[in-house]
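Novice: So you can see what is in the structure, the chains are spelled out below.
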Amino acid sequence: MKKIGSICALFLLFTMTGSILSSSAQIHAQDFSLEASLSENQVFIGEQFSLKIEVTGSSLQNMELPRLPDLRGIRILSSNPSRGQSVSIVNGRTTTVTSYTYTLIARDEGTYRIPPITVLINGEEHTTNSLRVEVIEKRSLSDPSQRRPDIFAELEIDDEEPIVGQQLVASLVIYFREGVEVTSYQPSPGWRTDGFWKEQLENIEQPRAESVILGDVRYRKATLLRYALFPSRSGELTLTPFELNLGIRTQPQRNDPFGSVFGGLGTNQRRVTLKTEEVTLPVRRVELPETGMSIGAVGQFEIQRESSVTQAYVGEAIELRTTIKGDGNIPLINRPRYTFPENFEVYSPQEETDLNRRGTTISGTRTFNDRFVPRTAGTFTLPAEEIVWYNPQTKNFQSQTLPAIEYEIIRDPASTVADANQEVNLQIMTGLVSWNNNNRHRIPGGYWLLLGFLIPLIALAFAMRQRKFIKRLQTDGDFARSHHAWDKVEELLIKADDLARNESGYKEIYHLIHKALTGYITDRTGLPGAGLSDNRIYDELVERTNNRDLSGRVKKMLDKCSNISYAPIENREDIEFDIEKTRELLKELRARL
Amino acid sequence: MNSSFPTFILGILLLVFLFIPAPVNAQQSQFDQANELMQDYLIEEAFDIYRSIESDGYQSGELYFNMALAAFYQDSLGLSKFYLLQAEKFDGTKTDAQQTLQFVNEQFDRRSAVLPKLPWVLFFDWLEKFAGQGLLSFFGLVILNLGVGAIIGSWFIAQGSVYLKWTGYTMTVFSLILIFCTFYLNYLDNRYATGVMIENQTVVYEHPRSGSALISNVYEGYTMSVDRHRSSEQDGWYYVRLENGMYGWIEDGYIRYF
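Just so you know, the sequences run in chain order P and V. Just so we're aligned, residue 66 is where the first sequence starts under our numbering, counting upward by one. Just so we're aligned, residue 505 is where the second sequence starts under our numbering, counting upward by one.
Some hints could be false.
[Unchecked claim] Here are the simulated BS3-like cross-link-like pairs (lysine-lysine), alpha carbons at most 27 angstroms apart as the crow flies:
(1) P:LYS117 to P:LYS203
(2) P:LYS533 to V:LYS593
(3) P:LYS560 to P:LYS533
(4) P:LYS263 to P:LYS203
(5) P:LYS536 to V:LYS598
(6) P:LYS625 to P:LYS553
[To be verified] Here are the in silico distance ranges between beta carbons for each label pair:
(7) V:SER720 to P:GLN251: 49 to 59 angstroms
(8) V:GLU548 to P:ASP259: 50 to 60 angstroms
(9) V:ARG734 to P:SER359: 22 to 32 angstroms
Derived from the structure by calculation, the hints contain no laboratory data. All of these numbers come straight from a predicted model, not from anything done at the bench. Beta carbons are placed, not taken as given, at the ideal position from N, Cα and C, and that holds for glycine.
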């Protein structure tokens with residue numbers, strides 16, 4: 066165990082030492098750069114230009130002169146180059162730049178290639194990059210109108226026939242002749258780009274001037290600003306002139322007598338306003354392919370689609386992230402509209418755009434977050450989608466197929482859904498259920514309702530009638546006599562019956578019969594209770610009943626009662642017969658009065 | 505003859521016991537079967553059984569609650585709300601239904617602006633929920649009878665007749681108010697229904713035709729009052745009052761009401 070440990074430590078030591086040494090050797094070997102450049106890429110025949118070879122590094126111990134190869138159409142004025150060296154120390158690191166400059170002169174018209182130049186550095190041969198130079202014959206311009214001004218601006222578009230959505234780079238370029246120096250620039254506001262979506266690109270470096278020949282005149286050219294333009298519709302779209310304020314400094318002309326006087330130390334400083342020409346671009350729309358989902362993208366892209374989870378509970382939120390990364394109309398790309406399963410509740414998606422404006426084009430990432438919640442358990446598939454976009458470099462449509470995603474949705478065993486404030490039980494209700502018709506909120510049936518109203522109504526009506534009757538009995542004497550007449554008769558006849566049963570006071574019995582008959586008739590007819598003769602009662606009875614027979618029988622009984630004092634004593638049966646006869650008479654009277 | 509009579513009676517009673525509870529057992533067993541299907545996640549099949557129980561005229565808070573859950577799992581939140589509002593009316597399921605209703609309401613993307621109800625509307629709503637028409641009418645009739653009895657008593661009983669009379673008048677007036685409220689609630693119940701929007705979106709028109717002016721957009725879960733009387737005048741259209749106080753016509757097929 067101990068032995069193995071010591072072997073491992075030794076191996077580690079060797080490995081670390083080896084790796085340190087090899088890495089330092091690589092640094093040592095690659096710690097310089099070699100570069101060749103020409104002062105002009107286009108020269109006239111007979112014009113001088115220079116070739117510069119620069120070696121930049123921190124550990125240049127030994128370096129020999131570059132060996133120039135034979136050059137066609139170009140002559141080397143001096144084989145001894147001028148040598149320059151500069152040393153800079155940044156953060157304790159010393160960098161030495163050694164340059165060798167050869168003066169060349171163009172001899173023959175044509176385009177020539179300067180092959181790689183070999184330099185021996187630290188004993189090793191290294192070669193530069195090859196260069197290209199065009200030698201042209203200088204011709205005099207006969208037409209003065211073709212002469213360009215000493216300084217002018219142009220808006221250069223990288224594609225003259227774009228399609229809708231394609232990224233164009235519009236470069237604001239100024240051209241100025243030798244002797245003109247641009248000291249500052251300020252773009253004027255108000256550049257209109259109707260029909261385009263515009264983004265200004267951020268310049269990483271300061272504008273650098275390069276030499277060009279325009280119409281046999283040498284100019285220097287510098288790109289000041291760059292814009293990314295995205296046509297949003299088809300047709301003829303126009304970019305209005307771009308206005309630019311420049312501060313320039315010019316060398317005085319030799320024949321200008323005031324140049325040295327007003328120019329200040331031999332220069333003229335002034336401000337000029339430049340304006341580019343109006344640019345019209347024919348923008349066309351391309352036909353979409355029949356298959357695939359178009360998202361309006363134009364450029365070079367990579368598309369990814371990934372889901373936050375593929376196994377989830379019912380009700381759990383799932384996020385589907387679609388990332389579109391590349392170079393093109395990133396901000397104008399539409400959201401891919403996927404076909405979600407029906408049982409997914411889809412919420413409003415979120416979109417994010419991360420743009421990189423540095424460099425010569427717009428690049429970046431556009432992200433779409435689709436959020437959805439599965440509402441039922443099961444296995445669901447988000448189908449594969451073929452996303453298509455137009456690639457302006459290949460002038461063709463390009464596509465990428467996003468693979469299908471399968472979701473397995475299960476129900477949460479707890480069967481609860483969390484809420485922000487509470488937990489809601491979403492479990493079904495089981496067991497014995499009380500089945501009712503929920504009649505608590507309904508009026509009971511018609512019979513009950515009718516009964517409930519009728520009982521008090523009938524009772525009320527009956528009570529009112531009774532109340533009225535009692536009141537009349539109390540206030541109306543005739544009515545009370547009439548009402549109680551029969552009761553009095555009954556009382557008198559019962560008394561007569563008792564006397565007859567005891568066989569005593571037969572005169573009293575007939576007196577009671579007389580009283581019962583006359584009392585009943587006067588009570589019922591409202592006649593005075595006393596002082597009326599039997600004849601008067603008879604007459605009143607005939608008038609009221611219109612029945613002479615009944616009235617006659619009553620009269621006969623009344624006469625018998627009046628004359629009984631003079632008649633012999635009757636037996637009990639006769640008396641009872643008279644009582645019964647009186648009762649019958651009274652019943653008849655009751656019916657008629 | 506005498507010995508066969510008790511046997512006959514016993515047979516009749518047996519038949520009564522066998523056949524009268526049979527429908528009750530039938531819907532309970534159907535309900536249990538549907539619940540088992542729900543637990544096996546066979547939502548559609550369970551929902552069909554619940555619907556058949558409901559169409560047979562049986563009601564229960566548990567039935568409506570489970571129907572609401574089935575609709576919820578079928579991603580029909582509007583329908584779920586419709587059943588939860590019905591489950592809320594039953595005492596046994598009131599609390600659960602209210603909690604779930606609150607949760608379901610929070611799932612809707614859009615919610616309607618709600619105009620505050622007028623005081624008397626609130627009063628009658630409270631009366632309907634607190635007592636209901638049945639209880640109100642029962643108490644109304646009982647108090648009416650007692651009041652009339654007290655008035656009659658005051659006519660014939662001399663002792664304390666004044667107190668009896670005024671007690672009778674008070675009870676009668678109170679009972680008549682109760683009975684009026686009952687009939688008004690019954691009128692409201694018969695004329696107006698509670699409707700719930702069950703589709704994603706539709707439009708409320710000023711008149712019952714598609715080309716008329718638009719009053720408002722309505723979305724799933726919106727509740728509204730459906731005027732049965734006016735709706736019966738136009739086939740395929742419902743006259744509704746939205747919670748924001750707007751009136752208009754909605755085409756058939758977008759709402760459910762009870």
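Novice: Hint numbers the structure violates, sorted upward?
Specialist: Numbers 2, 3, 4, 5, 9 - these are the hints that the structure violates, sorted from lowest upward.
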